[in-house]
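Peer 1: Now for the letters of each chain:
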Amino acid sequence: MPAVSMTVNGKAVRAEVDSRTLLVQFLRETLRLTGTHVGCDTSQCGACVVHVDGVAVKSCAMLAVQAEGAEVLTIEGVATGEALHPMQEAFRQNHGLQCGYCTPGMIMTALDIVRRKGHELDDQTIREELEGNLCRCTGYHNIVKSIAAGARAMASGDPALKAAE
Amino acid sequence: MYEFTYHRASGLRQATNLLGKHEEAKLIAGGQSLLPMMKFRLASPSDLVDLNKIEGLNGIELTSRALVIGALARHAEVHVSPEVQQGIPALAALAGLIGDPAVRHRGTLGGSLANNDPTADYPAAALALGATIVTTKRKIPADEFFAGLFETVLEADEIITKVSFPLPKKAAYQKFRNPASRYAIVGVFVAKRPSEVRVAVTGAGASGAFRVPEFEAALQKRFSPKALDGLSVPAEGLASDIHASAEYRAHLVGVMARRAVAAANG
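From first to last, the protein sequence lines stand for chains A and B. Using this note's numbering, the first residue of the first sequence is number 48, and each one after it goes up by one. Using this note's numbering, the first residue of the second sequence is number 82, and each one after it goes up by one.
Chain B on its own, in the form it takes in the complex (with noise of 0.2 Å):
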């Protein structure tokens, strides 16, 4: 790891003062992604701007329409919270399949958003659920958020302080996963919304988590794990590396989907 300033954040304000002054600085929250980048030398910030000093960044909140969480809330937090549980199961069980228990103590549902790794579980379940992410400066449908490999519209000196995720009438995840990195090889996030229906995956993309519009059209008629008979992902433009090629993915899609649904349905 190359040196950097460690800057213990105690509110937004300052934190957002040392990401203007700092052109390369990054912010530090659950750090499970972050740090072992800088083992590797992968990422080399000239400052870490430390945010798990800030209160208020990690509730979690329930109304009739959204559940409203903090980010800085633990994936091991949302995973058991009770709001979770009750408005947005699936959301819940989602929390519960990132990393292992160690892992998920630490890691946050803000970083993992902004980090927008491409076999990351939170992308797909921002996108199908049509979560707005609010940020120090504004608010973000998750459509507009993301922005290509391990990219997002985040500004440098933007900080996520929340997450709404509108709560849909059904909703289920489905995870294939590395059995080494407990990255999803393929996760599928299907919701069945008032308005509409969105299928939203991760792991299979080569520029991150992205809809299919062609399943959602089957699924918004009826939906059924046999409204996707006959329907694929294309292999092309898929991410193909040791773990997968890009055809066993475009498979898998439709393996996790078809699963998505049925578990939604209960």
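In isolation and in its complexed conformation, chain A is listed as follows (with noise of 0.2 Å):
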């Protein structure tokens, strides 16, 4: 069996896999780390949504090998500590989400579209970006006020959020 090495949440990881194992299989399975979802493992729904070198991805739709020598940010590697990141908090903030499974992937995703749109983010912009993330509980509505609010957060080193803690 082929071997992969990458970092993963800023720690280097080494395993030898079935060149099939996707790479959400590798996070879920291998590493265990859960936090990533897989939705419908057809590349629509978004909830395996994970960075592979700084971009969002969705890990359905990669090879475990694919990711040799790759850095990988999955939910896990979003917070600090004990402290929510921006973006997570705002999610919480504005209740943000309904049964969760499709958090992960757009958190992943929300982190993505402030990478490339910036802070202020309008909701015709996210609702556009979020195309490829699905929420079956149909809970847009909270999903879009806490991605602006986060995007916002994340500018402004978090004051509101960490006041209303």
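If you're looking for bench data, these hints aren't it; they were derived computationally from the structure. C-beta atoms are modelled at their ideal positions from N, C-alpha and C, and glycine is treated no differently. Treat the hints with care, as some may be off.
[Claimed, not checked] Short, incomplete list of chain B residues facing chain A, as computed with Cβ under 7 Å:
hint, residue
1, 82
2, 87
3, 113
4, 116
5, 117
6, 183
7, 186
8, 187
9, 275
10, 277
11, 304
[Stated by the list, open to error] Derived coverage of chain B by chain A (criterion: at least 3 residues anywhere in the stretch with Cβ under 8 Å from a Cβ of chain A; other residues may be distant):
hint, stretch
12, 126 to 133
13, 173 to 182
[Unchecked claim] Footprint (simulated), chain B over chain A, 3 or more residues, beta carbon under 8 Å:
hint, stretch
14, 86 to 98
15, 108 to 118
16, 172 to 179
From the two separate chains plus the hints, produce the assembled complex.
Peer 2: Listed below in structure tokens is the structure:
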């Protein structure tokens, strides 16, 4: 079996995997990082979005062996210790979830939107950018609110959210 | 997904040799079409030759005559590239309509052309712009490249390295998307070139993207949506499925073509 080495949430990992292993399977089953979800397994729903070398990808549409040498960031690597990331905190504050299944992918996509589009995001931009992330509770309204608030909080170093805690 | 042997190619020669050695091998670049097909067991290659680590296949270069894009350029890179936005803004816009943001971070120009999905966007652009597909063996004009559903004239051990798009005077792409899959139900790319007008359609053809000579001739005389008054494409031979009937697609070709001409005229 081929070996694969990568950095996941800042930690170097190495494992032997079946070539067929998807990146999402590697994260969930080999590394036991089960925050990344499998919703559709057909690259539609976005529950499996992680960052590979700084950009959002669907980890069900990439082989683990293709992440050789890559820096991978999953939802588990987003917070700092016990303190939630401003984007996570914004989802909490704005009730940006119902069942929560899509939430890890939503947050990883949200961080990618901020990277590309900045901190002042209008609803239209957020909704367009979320076209690869499905919420089956149809809770988009609060998700959009959360992302706008989280983006602003990331710019301001998060004072409003800190005060609310 | 069936078992396969994975090879990480470090250069084009190695990749070519691997393709020659394993008859049932396939190339993988972004993998956004191939991996889903392998999951459904619609594709079952014995070997996967991964091109992603090969250097020099993802550059984007704008010259006075053409925009040259490396085969490994991701849709997201094409979408935001200043060279593409300056040289052929319609192509930058098209790249931003493919799939969704995460898919665009992986999917590649070369992969899209080689796959020749009948509802993919790039084939229409390649045909309308009169692109040349450069491979490890030769230069293939887009008009000769596509060979029916998911088929091209690429040989088994031939690899696309870059695509050269001659700069048009004006161009625009209009796409009527399936809101679920984001593939084109009908997409029309119109290009006014120095010597001719080309109109290429994706999504509608039962055997892939095609040009519409009647529209081209009319637009050659007058590059205006009005030039298409009274013209339409026949429904016979167009794709018909749960998403749209052939008649509806034929109608959409006319609508999207008119909109594309209007958009190209700005």
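Peer 1: Now tell me if each hint is right for this structure.
Peer 2: The hints, checked one at a time:
1. Hint status for residue 82 (chain B) relative to chain A: holds, with the closest Cβ pair at about 5 Å, below 7 Å.
2. Because the closest C-beta pair between residue 87 (chain B) and chain A is about 4 Å apart, less than 7 Å, the hint holds.
3. For residue 113 (chain B), the suggested interface contact is upheld, since its CB lies about 6 Å from the closest CB of chain A, less than 7 Å.
4. Here the hint on residue 116 (chain B) is kept, as its CB sits about 5 Å from the closest CB of chain A, short of 7 Å.
5. Among the interface hints, the one on residue 117 (chain B) holds; its C-beta lies about 6 Å from the nearest C-beta in chain A, closer than the 7 Å criterion.
6. Taking 7 Å as the C-beta cut-off, the interface hint given for residue 183 (chain B) holds, the closest approach to chain A being about 5 Å.
7. Interface restraint check: residue 186 (chain B) against chain A, minimum CB-CB distance 4 Å, threshold 7 Å, status holds.
8. Below 7 Å, beta-carbon pairs count as interface contacts, and residue 187 (chain B) has one with chain A at about 6 Å; its hint therefore holds.
9. A least Cβ separation of about 35 Å between residue 275 (chain B) and chain A goes past the 7 Å threshold, and the interface hint is therefore violated.
10. Taking 7 Å as the C-beta contact cut-off toward chain A, the hint placing residue 277 (chain B) at the interface is violated, the least distance being around 35 Å.
11. With a cut of 7 Å, the hint placing residue 304 (chain B) at the interface with chain A is violated, because the nearest CB-to-CB distance is about 30 Å.
12. Figure legend: the stretch 126 to 133 of chain B, annotated as covered by chain A; annotation consistent (3 residues with Cβ-Cβ distances under 8 Å, at least 3 required).
13. Counting residues of the stretch 173 to 182 of chain B whose CB lies closer than 8 Å to any CB of chain A gives 3, which reaches the minimum of 3, so the coverage claim holds.
14. For the stretch 86 to 98 of chain A, the stated coverage by chain B is satisfied: 6 residues place a CB nearer than 8 Å to a CB of that chain, which reaches the threshold of 3.
15. Remark: the stretch 108 to 118 of chain A is confirmed as covered by chain B, as 6 of its residues place a Cβ nearer than 8 Å to a Cβ of that chain, reaching the required three.
16. Remark: the stretch 172 to 179 of chain A is confirmed as covered by chain B, as 3 of its residues place a Cβ nearer than 8 Å to a Cβ of that chain, reaching the required three.
Violation of the numbered hints given earlier is confined to hints 9, 10, 11; the remaining hints are satisfied by the structure.
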